[in-house]
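So the chains spell out like this:
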Amino acid sequence: KAGVTQTPRYLIKTRGQQVTLSCSPISGHRSVSWYQQTPGQGLQFLFEYFSETQRNKGNFPGRFSGRQFSNSRSEMNVSTLELGDSALYLCASSLGRSATNEKLFFGSGTQLSVL
Amino acid sequence: QKEVEQDPGPLSVPEGAIVSLNCTYSNSAFQYFMWYRQYSRKGPELLMYTYSSGNKEDGRFTAQVDKSSKYISLFIRDSQPSDSATYLCAMIQGAQKLVFGQGTRLTINP
Numbered sequence: 127k128a129g130v131t132q133t134p135r136y137l138i139k140t141r142g143q144q145v146t147l148s149c150s151p152i153s154g155h156r157s158v159s160w161y162q163q164t165p166g167q168g169l170q171f172l173f174e175y176f177s178e179t180q181r182n183k184g185n186f187p188g189r190f191s192g193r194q195f196s197n198s199r200s201e202m203n204v205s206t207l208e209l210g211d212s213a214l215y216l217c218a219s220s221l222g223r224s225a226t227n228e229k230l231f232f233g234s235g236t237q238l239s240v241l
Numbered sequence: 003q004k005e006v007e008q009d010p011g012p013l014s015v016p017e018g019a020i021v022s023l024n025c026t027y028s029n030s031a032f033q034y035f036m037w038y039r040q041y042s043r044k045g046p047e048l049l050m051y052t053y054s055s056g057n058k059e060d061g062r063f064t065a066q067v068d069k070s071s072k073y074i075s076l077f078i079r080d081s082q083p084s085d086s087a088t089y090l091c092a093m094i095q096g097a098q099k100l101v102f103g104q105g106t107r108l109t110i111n112p
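Chains as they are written, first to last, in my numbering: chain R, 127 to 241; chain L, 3 to 112.
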């Protein structure tokens, strides 16, 4: 069974640009959550989707948005990029409704660098 | 103050040593406790999952939870170079809240 696939693996952008990251969950998994990982802050929760509906959102500005499609694939978008958005963005999928009560399977992440 | 505190290290030990990794937390409502391992340029993978005070063993790994002290530990026996990774603790409150520690970078030297 294929794992969680995130594309692209690496991305370099400049301040003010926008970026879209993609995540394909494990086949059959309906819940997808996104995390930002930085050396200083660790893993911080961005949002969680189940059946195309956002179920939970972390404390990030509105520049960070996401969506989930009918096939459970998910995208996240960051608009008006800032230097502080440089981070590893991780997607995790789980089988059930709530990612907090299920085993999470993480992708390898997208390393975003903002110059 | 962060809800979950974890020393980021780095921690370097010789092969074969017993490794002790720890997290403290301030939120007494946390019910479930996990340890994830993250290799360089990879996503975290779940190592251990516990929901009660006491010890849980899986091979060379032992997870320990002390709810009265709000303290959890992960012990690695007979450590191997392949155990070199970042170890993250994580805790769950209810159905909505999952909080990770900052992660401890561990290196096992041959």
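Hints are not guaranteed to be accurate.
[What the hints assert, rightly or not] Once the Cα atoms are required to be at most 30 Å apart in a straight line, the calculated DSSO-like pairs of lysine-lysine come out as:
#, chain 1, residue 1, chain 2, residue 2
1, L, K69, R, K229
2, L, K99, L, K58
3, R, K183, L, K69
4, L, K58, R, K139
5, L, K72, R, K183
6, R, K139, L, K69
7, R, K139, L, K72
Just so you know, the hints here were simulated from the structure itself, not pulled from any lab data.
- Message: For K139 of chain R and K72 of chain L, compute the direct alpha-carbon distance and say whether it is at most 30 Å.
- Response: violated, 42 Å
- Below or equal to 30 Å on CA atoms is what counts here, so check K99 of chain L against K58 of chain L. With Cα atoms ~23 Å apart, K99 of chain L and K58 of chain L stay inside 30 Å; holds.
- Satisfaction of hint between K183 of chain R and K72 of chain L, Cα-Cα up to 30 Å: Distance ~26 Å between K72 of chain L and K183 of chain R Cα, so the pair holds.
- Query: Are the Cα positions of K139 of chain R and K69 of chain L separated by 30 Å at most?
  - Reply: violated, 44 Å
- Regarding the pair K58 of chain L and K139 of chain R, is the alpha-carbon distance no greater than 30 Å? Judged against 30 Å, a Cα distance of about 45 Å means the pair is violated.
- Item | K183 of chain R paired with K69 of chain L [C-alpha distance capped at 30 Å] | Holds: K183 of chain R and K69 of chain L sit about 28 Å apart, inside 30 Å.
- Verify the proposed pairing of K69 of chain L with K229 of chain R, using a straight-line Cα cut of 30 Å. holds, 22 Å
This entry does not satisfy hints 4, 6, 7, going by the numbered hints stated previously.
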